[in-house]
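Enquirer: Take the given structure of chain A and dock chain B to it, following the hints.
Protein chains: 2
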Amino acid sequence: MEKFFNPKSVVIVGASNSSFNLGSTICNMLKDYLHYTGPVYTVNSKAETVNGCPGFSSVLDLPQTPDMAIIIVAARHVPGIIKDCAKKGIKRIVIESAGFAEDGQNGAAMQREIDEVARENGMRIMGPNCLGTLSTRDKFCSFYGVNPSLVEMNQIFETPGNISYIIQSGGVVVLVMESLYYDLVGINKVVSIGNKSDVDEADLIDYFQKDETEVIGIYLENVADGRKLMEAAQKSRKPILIYKVGRTPEGAMAAMSHTAGMASNDLIFESACKQAGIIRLNSINELHSLPKMFTEMPILKGNRVAMFTNSGAFGSIAADLLVDAGLQMVRLSGQTQDKLKKAGQVFNVKNPVDIGPAPPQTYLDIFEILLGADEVDGLLPLLSVWQTFVIDTLQELLKMCKHYDKPAAIYTPNAVAKSIAIRAKHRIPIFETPEQSVRALSVSHMFCESLRKRGFIGDHEKFENTDNRRIMKGTMEAAL
Amino acid sequence: MEKFFNPKSVVIVGASNSSFNLGSTICNMLKDYLHYTGPVYTVNSKAETVNGCPGFSSVLDLPQTPDMAIIIVAARHVPGIIKDCAKKGIKRIVIESAGFAEDGQNGAAMQREIDEVARENGMRIMGPNCLGTLSTRDKFCSFYGVNPSLVEMNQIFETPGNISYIIQSGGVVVLVMESLYYDLVGINKVVSIGNKSDVDEADLIDYFQKDETEVIGIYLENVADGRKLMEAAQKSRKPILIYKVGRTPEGAMAAMSHTAGMASNDLIFESACKQAGIIRLNSINELHSLPKMFTEMPILKGNRVAMFTNSGAFGSIAADLLVDAGLQMVRLSGQTQDKLKKAGQVFNVKNPVDIGPAPPQTYLDIFEILLGADEVDGLLPLLSVWQTFVIDTLQELLKMCKHYDKPAAIYTPNAVAKSIAIRAKHRIPIFETPEQSVRALSVSHMFCESLRKRGFIGDHEKFENTDNRRIMKGTMEAAL
Chain A
18 MEKFFNPKSV VIVGASNSSF NLGSTICNML KDYLHYTGPV YTVNSKAETV NGCPGFSSVL
78 DLPQTPDMAI IIVAARHVPG IIKDCAKKGI KRIVIESAGF AEDGQNGAAM QREIDEVARE
138 NGMRIMGPNC LGTLSTRDKF CSFYGVNPSL VEMNQIFETP GNISYIIQSG GVVVLVMESL
198 YYDLVGINKV VSIGNKSDVD EADLIDYFQK DETEVIGIYL ENVADGRKLM EAAQKSRKPI
258 LIYKVGRTPE GAMAAMSHTA GMASNDLIFE SACKQAGIIR LNSINELHSL PKMFTEMPIL
318 KGNRVAMFTN SGAFGSIAAD LLVDAGLQMV RLSGQTQDKL KKAGQVFNVK NPVDIGPAPP
378 QTYLDIFEIL LGADEVDGLL PLLSVWQTFV IDTLQELLKM CKHYDKPAAI YTPNAVAKSI
438 AIRAKHRIPI FETPEQSVRA LSVSHMFCES LRKRGFIGDH EKFENTDNRR IMKGTMEAAL
Chain B
18 MEKFFNPKSV VIVGASNSSF NLGSTICNML KDYLHYTGPV YTVNSKAETV NGCPGFSSVL
78 DLPQTPDMAI IIVAARHVPG IIKDCAKKGI KRIVIESAGF AEDGQNGAAM QREIDEVARE
138 NGMRIMGPNC LGTLSTRDKF CSFYGVNPSL VEMNQIFETP GNISYIIQSG GVVVLVMESL
198 YYDLVGINKV VSIGNKSDVD EADLIDYFQK DETEVIGIYL ENVADGRKLM EAAQKSRKPI
258 LIYKVGRTPE GAMAAMSHTA GMASNDLIFE SACKQAGIIR LNSINELHSL PKMFTEMPIL
318 KGNRVAMFTN SGAFGSIAAD LLVDAGLQMV RLSGQTQDKL KKAGQVFNVK NPVDIGPAPP
378 QTYLDIFEIL LGADEVDGLL PLLSVWQTFV IDTLQELLKM CKHYDKPAAI YTPNAVAKSI
438 AIRAKHRIPI FETPEQSVRA LSVSHMFCES LRKRGFIGDH EKFENTDNRR IMKGTMEAAL
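Chains as they are written, first to last, in the working numbering: chain A, 18 to 497; chain B, 18 to 497.
Same shape as in the complex, but just chain A:
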């Protein structure tokens, strides 16, 4: 599987110099932008060289057997090309062409034909109807049609991170990558699996256990093999976040015309997710907004949350949301309340802690008091950035969260555009709505509970049993 993300040589079947040719955009991405150093061959009817990538009229003519073939030609030509690839001994194929199972009976028959050839020859196939793979650390990308001069793409490769995505749609890939550009978390790998006739989400969950991935985000239009997916998830020590469409018959029908998904029983899927520790997302935006809670913060080990606001209304708003999410508004102890009284400028020393106009030190004192309190498992700061010093105190908060090994899901009750700008500039994991913040605490706690249930961590012990580096780090720092 590794070589799907880091092939030492590739052939792009269908890349040519015709105008609007999609295969050539992959050549351009690899050569001009990623400075890919291995050989890139092309196959096209004129055997023409494309952007310095030598051209041949058939895969059979290539001077070597490349690690991977990317196929982007009209669907009807694909079965023949696959047979050529088999003869040539190519083991990894990305079929980007559309027009297979999602396009009716004819397409489905072609897809079956391809599968058979692949099985007989020990080849692995990604797609059809997909974009293939992207790896930021390997500086490899098989996506067609992406403009490599986009600043978004630029930053994604320059600042590799620890989220990996498995996405059954090109459009969602674009949304997620563009959104992360305005966020603060980086990407490790992205796979667009399309109709997933062979390589599916379960294979990739297994693979992502062994690399730099810390969080796995998945967008699904259908489940190919439910049992296989659940078994892979059950074994995962890394959080798996899935947004799945097709909950309703209408949604399932729409998905079918898109990536050939079959309607499946949503209730069964829902309960299987709970069983296997999969976190099911409520919106497509959660796919890019929630992972930062795992990469930037310790996990929430209990359900008792303290709120801290400088704008009273948001305490009331978040209290409703917290209860809806099954988390607990912690009753602060007398001792904690006494400490808060001494901090000064506090309107309300009970949860939600509510302050008036106060200097930076008051903010820092309150963070410290709340995170240090035994009865508090995590913090929900709802702090309007009415002065720029609030940003500085939030940066201190990040350090305190690591020290106390307790998370904070920060919401700044400002215009979303303003919050996004602060987040990107100051590298603070700010959520865009109070709903998102509460949800972040909730999924963090769900993940912790699922680690316990699946025996990765003991009921009351700390997190020494897990190899999740982030959790270890938090625990170790807390122990100092």
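It is worth saying that the hints were derived from the structure and are not from the lab.
Just so you know, not all the hints are guaranteed correct.
If several chains are the same, the list does not tell them apart, and a pair holds so long as it fits within one copy or across any two.
[Said to hold, decoys possible] Computed cross-link-like contacts, DSBU-like style, restricted to lysine-lysine with a CA-CA straight-line distance of at most 35 Å: (1) 252 with 25; (2) 20 with 108; (3) 255 with 435; (4) 255 with 358; (5) 367 with 356.
Expert: Using the frame of chain A, we list chain B on its own:
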């Protein structure tokens, strides 16, 4: 009530030249920023002039009886000042000071004392614990602590609009105003009513029937008089959107410490809203994100929605959401499907209509075909801005919606920051998530149904019976 928004003379009791004095920020706003031309008096212990506003040691010494008094002093002084105002014959009072019913028994007793004086003397009171009023057209604002140099404030006064807000919290006022700055709809009036010992949301709903208001947005922490609110709502020809906290006991407790709200039965409130045609919001962000659906688009007169996407996944995502919202994925007629086939580049001519890379004319053709189809009541365009021409076609779509008198709730599957920037620059009512778009269609339809139910429009007739100018306009244009 009018004079609360447009007083010809005011006194600010508590404005002084001491550092951190809050009252003086109101003088500064009126004089330096809004260029208020009427007399502004101040009352403070030294009888000192504040930013050119003549100072007196008591309200009784003022050379005239101002239209309105704004009081911002420590709570314990307020009852005495109210008595002075009564003697002086001042009829409108905004009490911005906190420390009343929200602050325990003592405060509650003072609030009752004030109420009694007001009732006996025919005075109307706004607050206590509030910011008072803002009117963009009258260029008046009684809010303290607002920095008038903020660009956000600037634009709000420069581009008056047709949304009016009734908000029981200063923090939410700031969030809403800041958010609208990054949106495209303008404000008419904003009232922060705090503990609302006298003037309440029902009074203001009545008042907003007669001015430029087209949509009424309300944030409530408690309902003072349920029957009065519901009667006012029942008579409203303008949509009323309410976000209310305190759904849970925890939320109600938090609200109590903020604006002295009493826990009320949420189920009763919910069913009363349905009865009275009030649209209850699901999140605080809906307070600023949804009004544009009413000010920028015709209302949704049936529940049959057609979707149009250039990124297949979003058709599947939105189909689920549409069904959840009780709207209907319209079955496009054979005739409509034939027309779509002729438009070219269409992957799927059934709903959701899904296209590949296509030129601008294809987008325009599809808009026209779908809006022109008898079976379609409204449109859900899910169009990624992969080329800038998509923006141009969306601007054409706005005109077509008016022509056909059918709404479109536009979502662009791009990073939120990008969508917000496009919306602000090109004045296109873009929603930030697919959930928001579907919700916009849903509330538009709920409003239409409630107009029918309350007899403002006939069951099958057009909208001639209502004085809502926007609806009339849409109808008239459609008739041409």
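Enquirer: With reference to the structure, classify each hint as holding or not holding.
Expert: Okay, the hints, checked on the actual structure:
Taking the closest pair of Cα atoms, residue 252 and residue 25 come within 35 Å of each other only inside a single copy of the chain (30 Å); across copies the shortest separation is 72 Å, beyond that limit. For a Cα distance limit of 35 Å, the shortest separation of residue 20 from residue 108 inside one copy, 10 Å, qualifies, whereas the shortest one across copies, 80 Å, does not. For a Cα distance limit of 35 Å, the shortest separation of residue 255 from residue 435 qualifies both inside one copy, at 32 Å, and across copies, at 31 Å. Taking the closest pair of Cα atoms, residue 255 and residue 358 never come within 35 Å of each other, the shortest separation being 41 Å inside a single copy and 46 Å across copies.
When the C-alpha separation of residue 367 and residue 356 is checked against a cutoff of 35 Å, the pair qualifies only within one copy, where the shortest distance is 11 Å, while the shortest distance between copies is 64 Å.
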